[in-house]
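These protein sequence lines are chains L and F, in that order.
Take any residue in the first sequence, count from 1 to its spot, add 117: that is its number in my numbering.
Take any residue in the second sequence, count from 1 to its spot, add 1: that is its number in my numbering.
Please keep in mind that the hints were generated in silico from the structure rather than gathered at the bench.
One or more hints might be untrue.
Distance windows between CB atoms, simulated [said to hold, decoys possible]:
no. : chain 1 : residue 1 : chain 2 : residue 2 : range
1   : F       : Asn-362   : L       : Lys-210   : 41 to 47 angstroms
2   : L       : Lys-149   : F       : Ser-493   : 30 to 36 angstroms
3   : L       : Val-209   : F       : Lys-213   : 51 to 57 angstroms
4   : L       : Glu-146   : F       : Phe-195   : 47 to 53 angstroms
5   : L       : Glu-143   : F       : Asn-362   : 36 to 42 angstroms
6   : F       : Ile-14    : L       : Lys-214   : 46 to 52 angstroms
7   : F       : Leu-386   : L       : Asn-142   : 54 to 60 angstroms
8   : F       : Tyr-22    : L       : Tyr-175   : 38 to 44 angstroms
These numbers were taken from a predicted model, which means no experiment stands behind them.
The C-beta atom is built at its ideal place from N, Cα and C for all residues, glycine as well.
Listed here are the chains, written in short residue letters.
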Amino acid sequence: MKQSILLEEQSDQQGIPYHSLIKTNEFEELVKRKKSFIIPTTVFFLIFYFSLPLLAAYTKVLHTEVIGPITGAWLFASMQFLVVWICGFIYVKKSEKYDNLSKAILQKYRKELGE
Amino acid sequence: MSVLSILLFVGIILLTLVITYLSSKKTKSTSDFYTAGGGLTATQNGLAVAGDFMSAASFLGITGAISLIGFDGFYMSIGNLLGFLFLMYLVAEPMRNLGKYTLADMITSRFPSDKVRGTAAASTLVISIFYMIAQLVGGGGLISLMLGIDYWMAVVIVGILMTIYVIFGGMTATSWVQIIKAVLLLGGSFVLTFLVFAKFDFSIIQMFQQIKTASPFGAELANPGNKYSNGLDMISLNMALVLGVAGLPHLLIRFFTVKDAVTARKSVFYSTWFIGAFFLMVVFLGFGATAFVGWDNIVAANPSGNMAAPMLALSVGGDFLFAFISAVAFATILAVVSALVLTSASAFAHDIYGQIIKKGNITEKQQMKVARIASVAVAVTSILLALAAQNLNVAFLSVLALGIAASANLPVMLLTIYWKRFNSTGAVTGMVIGLISSVILVLLSPNVWNPEAGAAILTGDPLFPLANPTIVTVPLGFIGAYLGTVLSSKKSASTGRFEEVLFKSNTGFGISAPEEH
């Protein structure tokens with residue numbers, strides 16, 4: 118995206134050309150990367166979670182004793198804790214890259230952003 | 002009650018008052034009052050966020066539920082914990098990047114309209130007050146049981162303390178009370194869990210073996226299905242638990258207490274560790290109570306099992322631990338209700354008075370004064386409602402609050418950030434339909450109606466079969482937002498500042514910076 122185009126569009130709030138900023142390659146890349154990670158992962162953990170109440174409500178599979186007297190329900194529930202911690206950790210790590218991308222955007226377009 | 006208990010309760014009260022005094026010196030501007038000046042670290046805010054969720058309902062309620070019905074009591078824990086992951090992935094960072102003091106700030110960053118702001122503030126007030134009534138009624142009952150004082154006195158003591166914290170110490174006091182309570186609760190639960198686990202010979206196998214014969218459910222105690230026989234209702238409850246977390250106003254405003262989105266993200270991440278560890282310990286407490294206090298004794302003390310945790314402390318740790326756990330439970334109730342007072346007061350003072358009535362033409366001093374008056378008004382209203390509701394079974398109100406948060410707030414928040422075509426009319430209709438449908442369906446549900454006299458608030462057949470309407474109301478919230486958007490005329494409705502919101506929510510540009518002291 119060329120500077121001249123950015124400067125032409127001054128119709129946004131406070132004169133900052135958000136319309137063109139969100140169409141820059143860097144910003145589109147940032148949003149694309151975030152979406153391609155966040156959406157599938159969210160879908161995964163929601164499906165993984167809701168399979169617990171679904172299995173509990175409509176089947177008896179979770180009633181099986183798996184380790185000694187410990188039933189499948191508790192093991193599946195413990196796995197939910199692991200999913201939360203692992204997905205949380207991965208997100209924190211992944212986000213460090215997104216943070217760098219967004220810092221680079223703010224730096225590169227600081228003129229357009231009026232800084 | 003013993004001298005020891007009195008000393009510990011008084012100790013907790015003094016500690017929180019010292020915190021409030023120190024915080025009051027730091028509370029000079031509206032930003033201090035609403036957001037503690039934005040100066041908390043990720044660990045501090047992580048503990049405070051966890052504290053908001055480690056409520057009396059989760060500590061006493063879930064321990065009791067697991068001890069009495071086994072696995073079905075555990076959904077509360079896992080569902081809410083998963084909600085935090087959802088919150089972290091989709092909501093926490095945009096919230097920090099777009100908002101300033103309230104949930105309405107975030108939505109109006111795209112649609113700067115009084116209607117949108119007013120609706121968001123109304124939804125915040127309804128959710129927070131429902132939640133508070135559930136906490137006050139439950140908490141008042143427990144304190145009166147633990148201290149042997151009258152219910153009304155317990156509610157008034159809690160009410161006065163929460164008001165003092167908020168009006169003098171604002172968000173700083175509210176946060177620190179929450180942090181200290183979270184540490185006490187985690188510590189107390191750890192000691193108790195250790196003692197219980199020792200009695201099970203440090204063997205989880207042994208624990209599951211022993212509880213098989215300890216309740217009327219027999220081996221079924223380890224299986225799902227002892228409470229929820231209606232699958233649809235149970236899945237609906239789980240939707241409220243998972244999706245409600247990301248729409249709860251008193252939780253969302255916590256992200257304004259940190260300086261940027263990175264810290265907001267880390268605070269949710271830390272909170273998932275604190276809450277996760279806590280919820281795992283609660284399993285041991287619940288089953289420990291079944292095995293060592295006895296199923297019948299727990300029911301005899303309180304039919305919903307709320308006394309299981311303190312009774313367990315008495316049985317495995319003696320008088321001191323009982324007094325300590327009771328005092329911690331008391332601190333838990335105080336911390337959660339004060340966060341709710343602050344949230345309601347900011348919706349009233351900042352959104353309704355400052356922005357809608359005064360159009361933002363209001364000095365810092367006036368705004369602080371109004372915020373304090375609003376805090377007192379909210380506190381008095383809640384105390385009166387809690388006193389009136391003493392003999393009603395209002396435990397469902399906290400799940401209702403989660404359901405409204407999931408149905409009214411969450412769809413609109415997500416669409417505000419991610420849907421380009423969304424407009425201001427859609428934002429209003431989404432919130433209004435999500436809110437009203439949740440309240441009406443609950444009013445028609447088995448929570449309120451029961452053909453057996455005295456079993457619920459009113460006697461008669463429920464018109465709506467599910468106790469948790471979330472499975473219907475979340476889609477309604479989305480449909481309301483969608484139809485409002487596509488059916489409104491382009492002239493009257495604005496798609497708002499989508500580009501600005503998209504850019505800011507992803508980069509953190511123009512974030513309302515914390516003040517330097």
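Consistency of the hints with the structure:
no.	hint	in the structure
1	Asn-362/F with Lys-210/L: 41 to 47 angstroms	holds, 46 angstroms
2	Lys-149/L with Ser-493/F: 30 to 36 angstroms	holds, 34 angstroms
3	Val-209/L with Lys-213/F: 51 to 57 angstroms	violated, 40 angstroms
4	Glu-146/L with Phe-195/F: 47 to 53 angstroms	holds, 50 angstroms
5	Glu-143/L with Asn-362/F: 36 to 42 angstroms	holds, 39 angstroms
6	Ile-14/F with Lys-214/L: 46 to 52 angstroms	holds, 47 angstroms
7	Leu-386/F with Asn-142/L: 54 to 60 angstroms	holds, 55 angstroms
8	Tyr-22/F with Tyr-175/L: 38 to 44 angstroms	violated, 56 angstroms
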